[in-house]
Amino acid sequence: MQIPEKTAFDGSKINKERKDMMYNAKKLRKYFPFYMFLLPAIILVILFCYMPMEGLIIAFKDYKMARGIEGSEWVGLKHFQALFSDPNFYRVLGNTLKISILTLVTTFPVTILFTILVNEIASRKFKSVVQTITYMPHFLSWVVVGTFVYQLLSPTGGVVNGILVKLGILEKPLYFMAQKDMFVPIYLITNLWKTTGYSIVIYLATISGIDTTMYDAASIDGANRFHRILYITLPAMFPTMCTMLILNIGSLVSVGFDPVFNLYNDATYQTADVISTYVYRKGMVESRYDFSTAIGLFQNVVSLALVMIANWFARKANPEYKII
Amino acid sequence: MARQTAKVKMKQSTGSRIFDICNTLFMIAFCITIFIPFWDVVVRSFSRAQDISYMHINLFPKVWTWDAYKYCFQDNEIIMAFFMSVLRTVTGTAIHAIVCCMAAYSLTRTDMPFRKFITAVLLIPMFFSAGMIPAYLNMKRLGLLNNFLVYVLPSGFSIYNTIIIRNYFFSIDKSMEEAASIDGASQVKIFTSIIMPLSKPVIATVALWQMVGQWNAWFDNMVYCRRTASLTTLQYLLRRMLDSLTANTSTASGVEAIGALVDTNPDTIKAATTILVVLPIVAVYPFLQKYFVQGIMVGAVKG
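Protein chains in written order, with the working numbering: chain A, 1 to 324; chain B, 1001 to 1303.
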């Protein structure tokens, strides 16, 4: 058993140290049930979070299935060199950055605007109905959302094509999902459709903390509705806005796998492929385990660095902010 | 609400009233936008296959029919997948709730030796994960490929939920626990008969999150259990239907794509399956929304 650091050796007081050790042994016994309570969690974390980390070394090896992770030959940075001279990698990295920046630029203002508008609804009942309906898509999987989008935009039976053809905007139906220029707009709109309601709930939680007497006081002082939004509601949202913005910047190089995977297809790889989907295709489909582990490692390390930096800024901007 | 009454008493300006009207209309439009895809699927699922064409846009099916649903309920694959989804949701949620609650209870002991170290061990994976391929190789090594356990064990613990539960445990009055302890109750007894019953709201919230997560999960099915038909979940079945649609784009890419799109699954059956996937969530959602919102508050305030 390890000796806890609290019993650090203090030369002159051997007796005290022994007492401490006895005390600690007692303490450990007292806490035995609690360690047992923690055991399942620790086992699961070791099995499914720490054990896979050993597999990261294949990013530096020539992985052969038959020889296993340990038995495969070391090749140093070969895969990383291959990665940085792979034009596909730069395309994928570019797509990732483009999609995450555009997502940030669209979701952020829309969420703030919609939150304020929802908050301005006078009837409490209507307000809760709006929230209930708009929050709903958050609980759907991206598979379902992908199905929705494919069906709405389908050239054979899609509502969108039907309307556009009837209005004469399109001569004949267009297969939107197979147009590579269309992917990013479709992705952004779908993302807004799915996430806006959820973000509104988060921001409204902040707004509900505002002291309502502030609004009354402002009204008496002659502030109209617009003034009240501008000088009371918005500033109250500001800390949450900062935190969200910074956290989003932290995930700049990690566009989620699910949304892209369920909206793209081989006709749109050019513009839709992001790092995570590229890793999936190189690794799971083409079985280039070592190479795609290297890509994944690159992404995770950059993400970690960005999260650390973002976190540091978040703490500077908002002293109350902490991750845990 | 003080604000509402004050507003009523005050004379509203015309501008403010116009704003209210526009805002209401805008919100109705917003809700309709969210609602359209749902309605589209409902209409499709009740339509006859031959009625679905971009030339007809109808608010309601031309002819109401249960054909697609009848097909679904006769299709063994779909029924099996539905039960597999239910099974993984129930099992996965139970494991998750138990593991997280136990861990959370231990983490409330602020003077437990090694507490900081253990917390760090549990926290680090939140910031750095090995990634897709190492995870896959690890599952292979553990013999979990094509195994039901791969659905319920890796998601069995989440530090985020554990911390939310722990924060709730902290708010429970310590004196009750002390009284029970003096009466000779063991730690296990205190946990099961005092702490757990008092924490129902937070446990419900976390369990609901996990339920939705389990019901919606499909990636583990695709990557780890692709080859075992009996382990196919409803989500993955739907995903495969989506695949059968997108696969056709490879032949159609670039040029005129319309004619080439021949779908192996009729739209109506796909729509009915989508309804089967969405319905359980939509059905329980209005009743449980309270918990979801509550959960966010817990997370937002204390997380």
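Because the hints were derived from the structure by calculation, they are not lab data.
Every residue gets a Cβ at the ideal spot worked out from N, C-alpha and C, and that includes glycine.
Mixed in with the good hints, there may be bad ones.
Stated by the list, open to error - Straight line, CA to CA, 25 Å or less: simulated DSS-like cross-link-like pairs of lysine-lysine:
id, chain 1, residue 1, chain 2, residue 2
1, A, LYS127, A, LYS194
2, A, LYS166, B, LYS1174
3, A, LYS30, B, LYS1116
4, B, LYS1140, A, LYS125
5, A, LYS27, B, LYS1174
6, B, LYS1116, A, LYS26
7, B, LYS1062, A, LYS26
8, B, LYS1290, A, LYS26
9, B, LYS1290, A, LYS194
10, B, LYS1116, A, LYS27
11, A, LYS78, A, LYS64
To be verified - Far from chain B, some chain A residues (derived; all Cβ distances over 12 Å):
id, residue
12, VAL45
13, GLU73
14, LEU104
15, VAL105
16, THR107
17, ILE189
18, ASN224
19, ARG288
Taking the hints in turn, this is what the structure says about them:
Under the criterion of a C-alpha separation no larger than 25 Å, the hint pairing LYS127 of chain A with LYS194 of chain A is consistent with the structure, at around 19 Å. Simply put, LYS166 of chain A and LYS1174 of chain B have alpha-carbon atoms about 69 Å apart, too far for the 25 Å limit, and the pair is violated. Under the criterion of a C-alpha separation no larger than 25 Å, the hint pairing LYS30 of chain A with LYS1116 of chain B is consistent with the structure, at around 18 Å. At roughly 52 Å between alpha-carbon atoms, LYS1140 of chain B and LYS125 of chain A are farther apart than 25 Å, so this suggested pair is violated.
Proposed proximity of LYS27 of chain A and LYS1174 of chain B is supported: the alpha carbons are some 19 Å apart, at most 25 Å. As the CA atoms of LYS1116 of chain B and LYS26 of chain A are separated by approximately 19 Å, the hinted pair is consistent with the 25 Å bound. For the given pair, LYS1062 of chain B sits about 77 Å from LYS26 of chain A by alpha-carbon distance, which is inconsistent with the 25 Å threshold. Proposed proximity of LYS1290 of chain B and LYS26 of chain A is contradicted: the alpha carbons are some 45 Å apart, above 25 Å.
For the suggested pair LYS1290 of chain B and LYS194 of chain A, the alpha carbons sit about 19 Å apart, so the restraint of at most 25 Å is met. Restraint check for LYS1116 of chain B and LYS27 of chain A: the C-alpha separation of about 16 Å stays at or below 25 Å, so the hint holds. Using a Cα cut-off of 25 Å, the hinted pair LYS78 of chain A and LYS64 of chain A holds, with the two alpha carbons roughly 15 Å apart. With 12 Å as the threshold on Cβ separation, the claim that VAL45 of chain A sits away from chain B is violated: the shortest Cβ distance comes to roughly 6 Å.
With 12 Å as the threshold on Cβ separation, the claim that GLU73 of chain A sits away from chain B holds: the shortest Cβ distance comes to roughly 17 Å. For LEU104 of chain A, the shortest C-beta to C-beta distance to chain B comes to about 20 Å, beyond the 12 Å cut-off, and the non-interface label holds. Here VAL105 of chain A stays apart from chain B, with its beta-carbon at least about 20 Å from theirs, past the 12 Å limit. For THR107 of chain A, the requirement that its beta carbon stay farther than 12 Å from each beta carbon of chain B is met, with the minimum near 15 Å.
Listed as outside the interface, ILE189 of chain A is inconsistent with that label: its C-beta sits roughly 10 Å from the nearest C-beta of chain B, within the 12 Å cut-off. Not every C-beta of chain B lies more than 12 Å from that of ASN224 of chain A, the closest at about 7 Å, which undercuts listing it as non-interface. A beta-carbon of chain B is positioned within 12 Å of the beta-carbon of ARG288 of chain A; the least distance is around 9 Å.
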